[in-house]
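Using the sequences and the hints, build the whole thing.
Residue numbers (the numbering used here), protein chains in the order written: chain C, 1 to 397; chain E, 1 to 165.
Just so you know, these hints were derived from the structure itself, not from any lab. Just so it is clear, CB atoms sit at the ideal spot from N, CA and C, and this is done for glycine as well. Treat the hints with care, since some could be wrong.
What the hints assert, rightly or not - Going by beta-carbon spacing under 7 Å, a handful of chain C positions derived as facing chain E:
(1) 116
(2) 159
(3) 162
(4) 276
(5) 288
(6) 365
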Amino acid sequence: MSSLRRFLAFILTFPVLVAFAFLTGCGGGSSSASNNTIVSSGNNVASISVNSGPTGNYANGGFVSITVCVPGTSSCQTVDDVLVDTGSSGLRILSSFSPGLPQQEASGDPVFECFPFESGYTWGPVQTADVEIAGEKASSVPVQLVGTNTAVPDGCLDFGLPSSNTLDSLGANGIFGVGLFAQDCGEYCVQVQTGNPNLYYQCASSPCQAIGESLAQQVPNPVTLFATDNNGVIIELPGVSGGEPSLSGSLVFGIGTQSNNALGAATVYTADSSGSFTTTYSGTPYSGSFIDSGSNGYFFPSTTIAECSDSSDAPGFYCPSTTENLSASNQGVNGSSGTVNFSVADASTLFDSNDYVFNDLGGPASGYFDWGLPFFYGRNVFTGIQSDSYPNGYWAY
Amino acid sequence: MSKRRAGPIQSGLLILGAALAVAANAVPARAALGGDVTSVQADQLHVQGSLRTTVTSSYTVHQIQAATGTVVREYVSSSGKSAGKVFGIAWQGPWPPDIRQLLGSYFEQYVQAANVQGATRVGRRPLVIEQPGLVVQIGGHPRAFAGRAYVPEMLPTGVRTEDVQ
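This is how it looks when you write it as structure tokens:
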């Protein structure tokens, strides 16, 4: 922890230049973050906290506590600071938190997984746990334990992604993937791929060998295995003006299953088979766009907004000289559409403050619009898991 | 800062990348980015994909589509000092493709830069590597990844970086 504090001190050695734009509550017939009602009680409600996380330097990370148990026993471990991620499916926790979970096997050999996120891959064994959060429980859930002495196979390294297998590189004690899909991978992983890299492996001896993994064996979205409240989640966070040190809200399980999780007047935007919809920004439609609580900013292409320099403390983010007030429109596969107003400020200035919650953090992306956690501030966002009615799931807000 | 750098896994990756870069130099046909047009055929065979070619005034786009839905576009210059060479690659698919194969001799340079970025900043966001001799962007989410890579000095005259996508 002390070395992380020193890292934090390093990034705070620049002058504090707070220049937050005041965001007025203007809507103009479009979706604007303001005055959402946040449910705080119920057996389906978990507290979510946006703060600097277990490494003390995470910007816009929403964390929950989750308990994993050896199936059918009271041998449990509560894991704090697990990142809530609507952009993926499946529970992944650092292996140091394992209460000694049973190993999933294929042909008698342990099953491992290499799971790619855009910022890095997680590598480790697939084990089985009872998963508990708030008053919800899912039994015998395949989960990924992250971090292992077993060598990473070449096929995993072929993804070309950095390692996210330690607390420092993950920035969280785990990832709680509560996204659109029932399984983490889907059809791609059922058969062994030739040419393109694989996700699932069996590790009898080194090196591990790629395997096909049936949908039933894949790491699932744990929400789908709750007895009730199993069709989706709502993230409810208050609005933010500029920056704040931390923020509290709720992760609500189920949509329309209890009196506290009705869809209400929210507009449903359905996703395509890859879990994306279309966002039109600056006249260009981007069909691979998505809403993702696990991304820590608005990430989108721009030819006009200045990127932070590599020598700044915010490489890979936008650093406009004055805060940009922007808008974009979302369109679901079902045809519903709406405009969203948002702002992007100088990330380097933001990071020079003592804040970790920013409603105006953004950065470049190529060919898509990623609505990260700032989109959730002041707006209840529903993530509907795939079903007969919604084969690829949906977002609603 | 140094404490946030490579652990054993990352060091292994770098050594592996270096070994592959040597291999790629010995067998140019396996290198896609910076390689000649025959490397496109190697990539097509590698993923067992179908090939479609589009010709513009300054470059040819070879689009390889695998049965899994992964699409790779390789941009081959038609003129100038990089004529006949792959100057850019763009891809999209449910999961990232074999970046080692597609970047060829540039893989080691990319991995070093990506690991520095991965180790120095916490928080999930796209990978953006911008160096004088190599630009790589990787982003998206599980089941929908996209990325591109190009060598700025190899871009044919009049071609914009946005054309590689």
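Status of each hint after checking the structure:
1. Look at residue 116 (chain C): its Cβ gets to within about 6 Å of chain E, closer than 7 Å, so that hint holds up.
2. The criterion of a C-beta within 7 Å of any C-beta in chain E is met by residue 159 (chain C), whose closest approach is roughly 5 Å, and the hint holds.
3. With its C-beta approaching chain E no nearer than about 3 Å, residue 162 (chain C) sits inside the 7 Å limit, and its interface hint holds.
4. The beta carbon of residue 276 (chain C) comes within 5 Å of a beta carbon in chain E, closer than 7 Å, and the hint placing it at the interface holds.
5. Given hint, residue 288 (chain C) at the interface with chain E, holds; its Cβ is 5 Å from that chain's nearest Cβ, closer than 7 Å.
6. Of the supplied interface hints, the one on residue 365 (chain C) holds, with its beta-carbon coming within about 5 Å of a beta-carbon of chain E, less than 7 Å.
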